[in-house]
Amino acid sequence: MRLTVSILALSVASGAAFAQNDCAAGKTLTEGTLTVATGNPAYFPWVIDDAPESKQGFEAAVAYAVANAMGFSDDQVTWVRSSFDQAIQPGAKDFDINIQQYSITPERDEIVDFSAPYYSAAMAVLTRKPVVDAGLDTSFEALKGVKWGADAATTAVPMLAEIIQPDEAPLLYNDNADVVEAMKAGQIDAALFDLPTALYLGAVVLDDGVVLGQFPAERTEKPDQFGMLFEEGNPLKACVDAALEQLRADGTLAQLEATWLSETTGVPVIE
Amino acid sequence: MLAAIVLLVPLAPGWPAVKKSFANGEVFAKTFPGLLDAFLLDIAIFAWSAPLIFAAGLIVALMRDARAPALYPLRLLGIVYTDVFRGVPVILVIYLVGFGVPGLGMPRPWNSPYLWGTVALVLTYAAYVAEVFRTGIESIHQSQRAAALSLGLSESDTMRYVILPQAIRRVVPANMNLFIALQKDVALLSFIGPVEIFRQAGVYKSLLANFTPYVGAALIFLAVTIPATRYADHLMAKQLRARS
Numbered sequence: 001m002r003l004t005v006s007i008l009a010l011s012v013a014s015g016a017a018f019a020q021n022d023c024a025a026g027k028t029l030t031e032g033t034l035t036v037a038t039g040n041p042a043y044f045p046w047v048i049d050d051a052p053e054s055k056q057g058f059e060a061a062v063a064y065a066v067a068n069a070m071g072f073s074d075d076q077v078t079w080v081r082s083s084f085d086q087a088i089q090p091g092a093k094d095f096d097i098n099i100q101q102y103s104i105t106p107e108r109d110e111i112v113d114f115s116a117p118y119y120s121a122a123m124a125v126l127t128r129k130p131v132v133d134a135g136l137d138t139s140f141e142a143l144k145g146v147k148w149g150a151d152a153a154t155t156a157v158p159m160l161a162e163i164i165q166p167d168e169a170p171l172l173y174n175d176n177a178d179v180v181e182a183m184k185a186g187q188i189d190a191a192l193f194d195l196p197t198a199l200y201l202g203a204v205v206l207d208d209g210v211v212l213g214q215f216p217a218e219r220t221e222k223p224d225q226f227g228m229l230f231e232e233g234n235p236l237k238a239c240v241d242a243a244l245e246q247l248r249a250d251g252t253l254a255q256l257e258a259t260w261l262s263e264t265t266g267v268p269v270i271e
Numbered sequence: 001m002l003a004a005i006v007l008l009v010p011l012a013p014g015w016p017a018v019k020k021s022f023a024n025g026e027v028f029a030k031t032f033p034g035l036l037d038a039f040l041l042d043i044a045i046f047a048w049s050a051p052l053i054f055a056a057g058l059i060v061a062l063m064r065d066a067r068a069p070a071l072y073p074l075r076l077l078g079i080v081y082t083d084v085f086r087g088v089p090v091i092l093v094i095y096l097v098g099f100g101v102p103g104l105g106m107p108r109p110w111n112s113p114y115l116w117g118t119v120a121l122v123l124t125y126a127a128y129v130a131e132v133f134r135t136g137i138e139s140i141h142q143s144q145r146a147a148a149l150s151l152g153l154s155e156s157d158t159m160r161y162v163i164l165p166q167a168i169r170r171v172v173p174a175n176m177n178l179f180i181a182l183q184k185d186v187a188l189l190s191f192i193g194p195v196e197i198f199r200q201a202g203v204y205k206s207l208l209a210n211f212t213p214y215v216g217a218a219l220i221f222l223a224v225t226i227p228a229t230r231y232a233d234h235l236m237a238k239q240l241r242a243r244s
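So the sequence lines, in the order shown, correspond to chains A and B.
So the first sequence is residues 1 to 271, counted in the UniProt record's numbering.
So the second sequence is residues 1 to 244, counted in the UniProt record's numbering.
Take the hints with a grain of salt, since some may be wrong.
Heads up, simulated DSS-like pairs for lysine-lysine below, C-alpha to C-alpha not over 27 Å straight-line [claimed, not checked]:
1) A:Lys27 - B:Lys20
2) B:Lys20 - B:Lys30
3) B:Lys30 - B:Lys184
4) A:Lys55 - A:Lys27
5) A:Lys184 - A:Lys129
6) A:Lys27 - B:Lys19
To list a few chain A residues with every Cβ distance to chain B over 12 Å, as calculated [stated by the list, open to error]:
7) Glu31
8) Ile48
9) Glu107
10) Phe140
11) Asn174
12) Pro223
13) Ala258
Derived by calculation from the structure, the hints in this document are not laboratory data.
Here the structure is a predicted model, which is why all the values come from computation and not from measurement.
Where is the CB? At the ideal position from N, CA and C, for every residue including glycine.
Produce the entire structure from the sequences given, and follow the hints as far as they go.
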């Protein structure tokens, strides 16, 4: 016991000098600090109340877990905000890692680097009660026949085109709030989101929201996996990958998922 | 100067990354046909908005020109209207009208973003066009109005047969400029749903994490706006020659 305490004391004492483990040393923007970017605003349940410093929300919690695994204390994590465009523009970045539900795709991977996936996202159909009452169900014929919408910057757009192939061209919007607004205005019947986002929008933002069903995350074609984004060629990627691997192996990732994204299991699967 | 830019920019340390993101030939070739396709929607929106703007602008200009004291409310309405819609950014009008009005609970197809987006464009641009028409009307010398009235033409006939034919012709170049601006602002309708060229480029940008589609979209816009601008210049020069 005393030994553990003294080792703890030792590690705390040496914390200032060896703030991070060997892997991350010298690879961050500011030595001894991990700068993490997220969206502006960051949405529930990824970050609760748009306050990632609180460690509340799945992505906030994952970011802190990864930081800790790399040897950064909670105080050594600073947050910045970035849009999607800021994250992919060429040139120096103002973040070490950027975590905001980036789907890993080979095309994006040519311009920026992604960590190993930290979450496999099922895609879900969000709609409203009047639309369901009017006869929308999870059959493909019904899904094809309604007016679709999606957030233009997401992989929901190609998924709509490839899997659902709606009769009418979908309407696309800048962000989730606009998609929901169009849904309230009756301009679109249904929209495609990742499942946790759909659950949040359906339960909190829409009065009569219904999450109709989900396309399983493990589908063979084009699985939607979220990764942290780095500037192309950032050497920190290897350290983050190792940290994620460790978190996956010891069950931390699964546990965080259970804590923050537990409601996702009750949604019917669309075959 | 140009030579210096062409020679020196590629020497900048970030050039390879910028080139890959903004001037990627492969991405350009892959996305250009889709962008051209989406541009048809821009043209369609422009084609149905322009006549409406012309008509609405003319009506507002005539309202502001109403001289009878009894018509003062009309005149006031015209003034308030142009003040408000020239003072609010187009994009705000599009958001407020495009999401707000359909949100009142209209059934399809009356809640269409195309419909209300067009209304927003017409509301904004009619205010500018009205001001251009007003300057045109006021540029016709007062003596012409007096002469027409003394010949026995009514107020409305004077406006219709004497003032307007000259006024509208005189402000054609100024209106051309506004319609060139409109041609670009049509892209703002993408904010409320329609997938026109700007949105299509944005989708490609997100999927490919590459800004080259925006460059492609810019080229397509230029291909239309440069000839239009030249034509407006030509009209202006012609008018200048005719008057001197």
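Verification of the supplied hints:
1. As the CA atoms of Lys27 of chain A and Lys20 of chain B are separated by approximately 24 Å, the hinted pair is consistent with the 27 Å bound.
2. About 14 Å separates the Cα atoms of Lys20 of chain B and Lys30 of chain B, which keeps this hinted pair within 27 Å; it holds.
3. With a C-alpha separation of about 23 Å, the suggested pairing of Lys30 of chain B with Lys184 of chain B holds against the 27 Å cut-off.
4. Using a Cα cut-off of 27 Å, the hinted pair Lys55 of chain A and Lys27 of chain A holds, with the two alpha carbons roughly 23 Å apart.
5. Among the hinted pairs, Lys184 of chain A with Lys129 of chain A is consistent with the structure: their alpha-carbon atoms are about 11 Å apart, no more than 27 Å.
6. At roughly 26 Å between alpha-carbon atoms, Lys27 of chain A and Lys19 of chain B fall within 27 Å of each other, so this suggested pair holds.
7. No Cβ of chain B approaches the Cβ of Glu31 of chain A within 12 Å, the least distance being about 23 Å, so the stated non-interface status holds.
8. Under the 12 Å C-beta cut-off, the non-interface status given to Ile48 of chain A relative to chain B holds; the minimum distance is some 26 Å.
9. Listed as a non-interface residue, Glu107 of chain A fails to keep its Cβ farther than 12 Å from every Cβ of chain B; the least gap is roughly 4 Å.
10. Even its closest Cβ contact with chain B, about 22 Å, leaves Phe140 of chain A beyond 12 Å, as expected for a residue assigned away from the interface.
11. Not every CB of chain B is more than 12 Å from the CB of Asn174 of chain A (nearest about 6 Å), against its label as outside the interface.
12. With a cut of 12 Å on Cβ distances, Pro223 of chain A stays outside the contact zone with chain B, its closest approach being about 16 Å.
13. With a least CB separation of 30 Å from chain B, Ala258 of chain A remains clear of the 12 Å interface cut-off, as annotated.
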